[in-house]
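Undergrad: Sequence lines, in order, name chains H and C.
Counting from 1, one number per residue, gives the positions in the first sequence under the numbering used here.
Counting from 1, one number per residue, gives the positions in the second sequence under the numbering used here.
Please keep in mind that the hints were generated in silico from the structure rather than gathered at the bench.
Virtual Cβ for every residue (Gly too), placed ideally from N, Cα, C.
Any given hint could be a false lead.
Claimed, not checked - Part of the chain H face toward chain C, derived, beta carbon under 8 Å:
1) Gly16
2) Ala19
3) Gly105
4) Gly107
What the hints assert, rightly or not - Simulated restraints on C-beta separations:
5) Ser12/H to Ala40/C: 44 to 50 Å
6) Gln70/C to Gly55/H: 38 to 44 Å
7) Gln60/H to Lys80/C: 45 to 51 Å
8) Val60/C to Gln45/H: 22 to 28 Å
9) Gln60/H to Ser17/C: 35 to 41 Å
10) Ser29/C to Glu15/H: 41 to 47 Å
11) Glu15/H to Gln70/C: 44 to 50 Å
12) Thr78/H to Trp7/C: 37 to 43 Å
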Amino acid sequence: GENVEQHPSTLSVQEGDSAVIKCTYSDSASNYFPWYKQELGKGPQLIIDIRSNVGEKKDQRIAVTLNKTAKHFSLHITETQPEDSAVYFCAAHDRNSGNTPLVFGKGTRLSVIA
Amino acid sequence: SQTIHQWPATLVQPVGSPLSLECTVEGTSNPNLYWYRQAAGRGLQLLFYSVGIGQISSEVPQNLSASRPQDRQFILSSKKLLLSDSGFYLCAWSKRGRGGVTGELFFGEGSRLTVL
Chain H
1 GENVEQHPST
11 LSVQEGDSAV
21 IKCTYSDSAS
31 NYFPWYKQEL
41 GKGPQLIIDI
51 RSNVGEKKDQ
61 RIAVTLNKTA
71 KHFSLHITET
81 QPEDSAVYFC
91 AAHDRNSGNT
101 PLVFGKGTRL
111 SVIA
Chain C
1 SQTIHQWPAT
11 LVQPVGSPLS
21 LECTVEGTSN
31 PNLYWYRQAA
41 GRGLQLLFYS
51 VGIGQISSEV
61 PQNLSASRPQ
71 DRQFILSSKK
81 LLLSDSGFYL
91 CAWSKRGRGG
101 VTGELFFGEG
111 SRLTVL
């Protein structure tokens, strides 16, 4: 089955700097890669996702890149702000695999220092 | 629009007591439903998922069980809680398409369980 590794587990950046979180996956059949943000005491929420027919996707200060050959994908946050502080989870899934759930990484705790 | 509710939000229970966490989804039909657990400072551990009424897949053997008595209701239960059952429990749903799981997972606000 799929295995998703996520690094780093914690990340501290100065406000205004960029943050990068990296994930690798094991199943070459995976074709959907979402990123979730979890604020303290709340459930995770989808912030951006990418499908395997695309190499990069941007949404304002957030971007995700995908390297299918190397089986890794990354989340990039530019011009970080204190409200970006949260736990971020990557996930991978084969959308053609029936009803099997997303496989999540273990999360990255991002702290943006003002 | 679709909404997901889970309750209670917080729960403090003694070891050996029973547990029932409930989750309901509104505004959609035939959702896939999930229970996750998050221990302090840890990742998301999938406990159960369901693709239909009475259909439950268990990911981790333990003293917890799940039931889906109605299309949009998912219940997490235990007959006797252990200290290790403490954590943040999250219910989630996703749309079901021809390929099964599709796209986004929508999470509830979570239920924090402390077992003393």
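Undergrad: Each of the hints needs a verdict: does it hold here or not?
TA: These are the hints, each one checked on the structure:
1. Gly16: Nearest chain C Cβ about 27 Å off; hint violated.
2. Ala19: It is violated, given that the least Cβ distance between Ala19/H and chain C is near 19 Å, above 8 Å.
3. Gly105: holds, 7 Å
4. Gly107: Holds, about 5 Å.
5. Ser12/H to Ala40/C: 44 to 50 Å: For Ser12/H and Ala40/C the Cβ distance comes to about 20 Å; the hint is violated.
6. Gln70/C to Gly55/H: 38 to 44 Å: holds, 43 Å
7. Gln60/H to Lys80/C: 45 to 51 Å: holds, 49 Å
8. Val60/C to Gln45/H: 22 to 28 Å: holds, 24 Å
9. Gln60/H to Ser17/C: 35 to 41 Å: The hinted range 35 to 41 Å is violated for Gln60/H and Ser17/C, with Cβ atoms some 47 Å apart.
10. Ser29/C to Glu15/H: 41 to 47 Å: holds, 44 Å
11. Glu15/H to Gln70/C: 44 to 50 Å: Holds, at about 47 Å.
12. Thr78/H to Trp7/C: 37 to 43 Å: Taking Cβ atoms as reference, Thr78/H and Trp7/C lie about 38 Å apart, which means the hint holds.
Hint compliance for this structure: hints 1, 2, 5 and 9 are not met, and every other hint is.
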